[in-house]
Amino acid sequence: MSTIKANLEVLPRGVQVTLALGLVALAAFPFVGTDFYTQMVTRMMIMAIFAMSLDLLQGVTGLVSLGHAAYFGLAGYALAFLTPQGEAVSLWWTLPLAVLASGLAALIIGFFVVRTHGIYFIMVTMAFAQMVFYLFFDNKVLGGSDGLYINFRPSAAVFSWVPFDLDNKRTLYYFTLVLLLGVYAFLRCLLWSPFGRTLAGIRVNEHRMRAMGYGVFGYKLSAFTLAGSLAGLAGYLWGTQTGYINPELMGFHMSAHVIMMVILGGMGNFAGAIVGAFAFEYLLYMFKDLPQIGSVNLGKHWQLWMGLFIVLLVTFAPRGILGLVDRFGKRKEVSNE
Amino acid sequence: MDLANFLIQLLNSVQYGLLLFMLAAGLTLIFGIMGVVNLAHGSFYMLGAYLAWSLSTQFASLTLAILAGAALSIIFGLALEWLLFRHFYKRDHLDQVLLTFGLIYIFEELRSIIWGDDVHGVPIPELLSASIPLTENLSYPVYRLFMSGLCIALAVGLYLLISKTRLGMKIRAGAFNRDMAGALGINIKLIHAVVFALGVTLATVAGMIAAPIASVYPNMGSQVLIMCFVVVVIGGIGSVRGAMIAALLVGLVDTFGKVLLPQVAGMLVYMLMAAVLLWKPEGLFKQ
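One line per chain: the protein sequences are A and B, in this order.
My numbering applies: residue 1 is where the first sequence begins, and numbers increase by one.
My numbering applies: residue 1 is where the second sequence begins, and numbers increase by one.
Rather than coming from a laboratory, the hints here were simulated on the basis of the structure.
Treat the hints with caution; some may be incorrect.
Calculated pairs, EDC-like style, for lysine to aspartate or glutamate (alpha carbon to alpha carbon, straight line, at most 20 Å) [what the hints assert, rightly or not]:
id, chain 1, residue 1, chain 2, residue 2
1, A, K300, B, D117
2, A, K140, A, E248
3, B, K189, B, D179
4, B, K258, A, D138
5, A, K300, A, D289
6, A, K288, B, D117
7, A, K288, B, E109
8, A, K288, A, E248
9, B, K90, B, D179
10, A, K300, B, D118
11, B, K258, B, D2
12, A, K169, A, D35
13, A, K300, B, E109
Anything over 12 Å on all C-beta distances counts as not near chain B; from chain A, calculated [claimed, not checked]:
id, residue
14, F29
15, F111
16, D167
Virtual Cβ for every residue (Gly too), placed ideally from N, Cα, C.
Model the full assembly from the supplied sequences, consistent with the hints where possible.
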């Protein structure tokens, strides 16, 4: 039996203040942190965009996709194919094109998967993502198992005028931050638009929405396509930052990680997805960086710690960090009365 | 393709299909009866293969290794059900996905700690190592025939267990209406534990008998898990009969696809799944 989890759509004042403080900290960070940490936080912000795109499906619409990484990876591959060997390519047309490629793939795959429900949806999204994975993994022309290098970061030049340079780590950081804020604002507006309300209605009771005359299939397919496109945006940024793309980015582990991020933060309000992405990436970094004790290298066994962490989290705090905040807040209210 | 070659491919595809059935049957039973989606099912297959490798070097006999491994799997399955899965039967599918994904990491890492990360081979038992000659230079290994035979025997056993025995009747009652069956005095918790252990054991046994022909390597569970998902989706979740037919279908498409259309072989099975979804979104044999 599935239960519908109440989402924290309206963020409590305390959470809003914390988020604003977080934004200030993010804006100031490159002036305080070293290059290494600036790059790490850039990567966290990219994952946050990816996690928000999944939250639109998982938290808002109630569709658990176990193949979301496919659209993330596809845009990265699009960038790799569009970038020639010896020179940089313009940001202004490759970014929309890569996002479009991911969106188109999501539209085609969505056409098949959106007609399924619950457990089928989980299995089928995973199977189709795996199909995309093997398409790239098995074909040497598409990079094969080794993946592809992106030798030059996209250039922002318009004719001879260069507004900013993505080769600069700090510039790339702020470029990502601006996109993160843009996507967040867009999704928050979407959440409260009639379209967003319909998606939330589908999560709560799809049959009732259908009975009320909503074309549920179209709404779900639109959400799936939009989520795929935004995942593509994150994938494009990933390709830009790392300069390297391989099939693992589209794999099943990546898809599960992004589900974890959304759960870890708290679903259905996008702020949780951002918090979750930062927390998850930090945990991953922390587990891999554990010290050597005697003859045992704890960091080498990071999968064990991550696995135990996931099992404990889902057993004891299934609603994530914001869920805990919410529960704690409610308890306080009760004790005040 | 001549007749002998065709025959070999046909036997291979049936053998692959039957092996997939062993895994998919457990997956579909665990879902159909307890409502749990189990991503860690592929890990059981991998653990089975490693068990076969480590026990067969201990005992110097694959038969003994399989028997001991099956006994261990039952205990392992019961323990896992008691400790974790039991508490997730009524939880959201999303929670189940996360729990079992966490378990994949744990099992992979424990495997790495206990057995290392090397690729291993398991020798085919002396008795079954012969090959049946078909033409001058083509022959078919007896072990593969033995595998198919064993899978068929287990499938028949499973069918008899579920449809002809008292335990099977209780299992079906529990799948049909968990609360009503409980009210009639059936120990539904015990039934769930038994079904879970059965599913785990089918998966590990599949891994153990596949070990001699597939070699034993890390992450061998993930690919097989996704194939099982495809089988379960095509067959219809909860239907053991559907899993059998879908597994054979997937075996045929995959094996002949690799021979006839190698460029797109990896994708053919998924296209089959897409076609089935368009035609019947809930699988061929929805329960």
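Going through the hints against the structure:
A threshold of 20 Å between alpha carbons decides the hint, and for K300/A with D117/B the separation of about 12 Å falls inside it, so the pair holds. With a C-alpha separation of about 15 Å, the suggested pairing of K140/A with E248/A holds against the 20 Å cut-off. Restraint check: the Cα-Cα separation between K189/B and D179/B comes to about 11 Å, which is no more than 20 Å; the hinted pair holds. Only pairs whose Cα atoms come within 20 Å are accepted, and K258/B paired with D138/A is accepted, the gap being roughly 12 Å.
The suggested pairing of K300/A with D289/A holds, with an alpha-carbon distance near 8 Å, which does not exceed 20 Å. Annotation: proposed proximity of K288/A to D117/B holds, straight-line Cα distance about 18 Å (limit 20 Å). Proximity of K288/A to E109/B is assessed by CA-CA distance (about 13 Å); at most 20 Å being required, the pair is judged to hold. Restraint check for K288/A and E248/A: satisfied, since their Cα atoms lie roughly 18 Å apart, inside the 20 Å limit.
A hinted pair counts as satisfied when its Cα atoms are at most 20 Å apart, and K90/B with D179/B qualifies at roughly 13 Å. Under the criterion of a C-alpha separation no larger than 20 Å, the hint pairing K300/A with D118/B is consistent with the structure, at around 16 Å. With a CA separation close to 16 Å, the supplied pair K258/B and D2/B stays within the 20 Å bound. This hinted pair checks out: K169/A and D35/A have alpha carbons roughly 7 Å apart, not beyond 20 Å.
For a cut-off of 20 Å, the pair hint linking K300/A to E109/B stands: about 9 Å separates their Cα positions. No beta-carbon of chain B comes within 12 Å of the beta-carbon of F29/A; the shortest separation is about 30 Å. Interface exclusion of F111/A from chain B breaks down, the closest Cβ pair being 9 Å apart, not more than 12 Å. With a least CB separation of 36 Å from chain B, D167/A remains clear of the 12 Å interface cut-off, as annotated.
Violation of the numbered hints given earlier is confined to hint 15; every other hint is satisfied by the structure.
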